[in-house]
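A.B. asks: Listed here are the chains, written in short residue letters.
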Amino acid sequence: GNSVTQMEGPVTLSEEAFLTINCTYTATGYPSLFWYVQYPGEGLQLLLKATKADDKGSNKGFEATYRKETTSFHLEKGSVQVSDSAVYFCALSERGNNRLAFGKGNQVVVIP
Amino acid sequence: DTAVSQTPKYLVTQMGNDKSIKCEQNLGHDTMYWYKQDSKKFLKIMFSYNNKELIINETVPNRFSPKSPDKAHLNLHINSLELGDSAVYFCASSQGLEPNQPQHFGDGTRLSIL
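Here the protein sequences come in this chain order: A and B. Residue numbers for the first sequence follow my numbering, so the first one is 153 and each next one is one higher. Residue numbers for the second sequence follow my numbering, so the first one is 53 and each next one is one higher.
Check each hint, because a few of them may be wrong.
Unchecked claim - List time: in silico BS3-like cross-link candidates among lysine-lysine, alpha-carbon distance up to 27 Å:
| id | chain 1 | residue 1 | chain 2 | residue 2 |
| --- | --- | --- | --- | --- |
| 1 | B | K93 | A | K229 |
| 2 | B | K119 | B | K71 |
| 3 | B | K119 | A | K204 |
| 4 | B | K93 | A | K212 |
Hints were generated in silico from the structure; no laboratory data involved. Note that the structure is a prediction, hence the values are computed from the model and not measured.
If we strip away everything but chain A, and leave its shape as in the complex, we get:
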């Protein structure tokens, strides 16, 4: 079945540091790929998406590129802020029912 794997453990870094969160997927066919962000006490918000190979999604300084050859969709940001502290989820969407399969999420803590 379809699945998403995110790197283990929380990520703690200093303000203005470079952020990378790894995401790889297993899927039949050609899923769409998403990054969602969850701020404390809130629901998930769409951060960015990519719907086909080599597409790059970007928003609020975050970027991720749909890599079919490595089945990856890694999230990057060049200079993080304290306000980026949140949990980040990688997800894929199946064709036909738009079922979202989520990775386990990564807690990101940005220290001033």
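Let chain A serve as the given structure and place chain B on it in line with the hints.
C.D. replies: Frame of chain A, contents of chain B only:
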């Protein structure tokens, strides 16, 4: 304007009780979902409805019954609550079933079973 709203935000109740969580969306979407987020933040889909018709029904106990009176509402009723039902439940909606359509989430209902 709240796009996807869930009530209540917090629900604390005793084991064995029956409870409902309501969800409404004002985005004009025709597909709605329920997800469960456990204590480790893992999210798993439970149900989805498209135009009031059940599309996805994961291996969820029969004690959970979704009801969609119209396209803008998808409520979740839970019978005989158990300790393991403690979690945060999220409602979401999307425009159709195409995989490129992002899902919009509510703020969640935190269910605590005593």
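A.B. asks: Against the 27 Å threshold, does the CA-CA distance of K93 of chain B and K212 of chain A hold or violate the hint?
C.D. replies: 24 Å, holds
A.B. asks: Please work out if K119 of chain B and K204 of chain A have their alpha carbons no farther apart than 27 Å.
C.D. replies: 34 Å, violated
A.B. asks: Does the alpha-carbon distance linking K93 of chain B and K229 of chain A stay inside the 27 Å limit?
C.D. replies: 23 Å, holds
A.B. asks: Are K119 of chain B and K71 of chain B close enough, with their CA atoms no more than 27 Å apart?
C.D. replies: Roughly 13 Å separates the two Cα atoms, so the pair holds.
Against the hints set out earlier in the document, a violation occurs for number 3 only.
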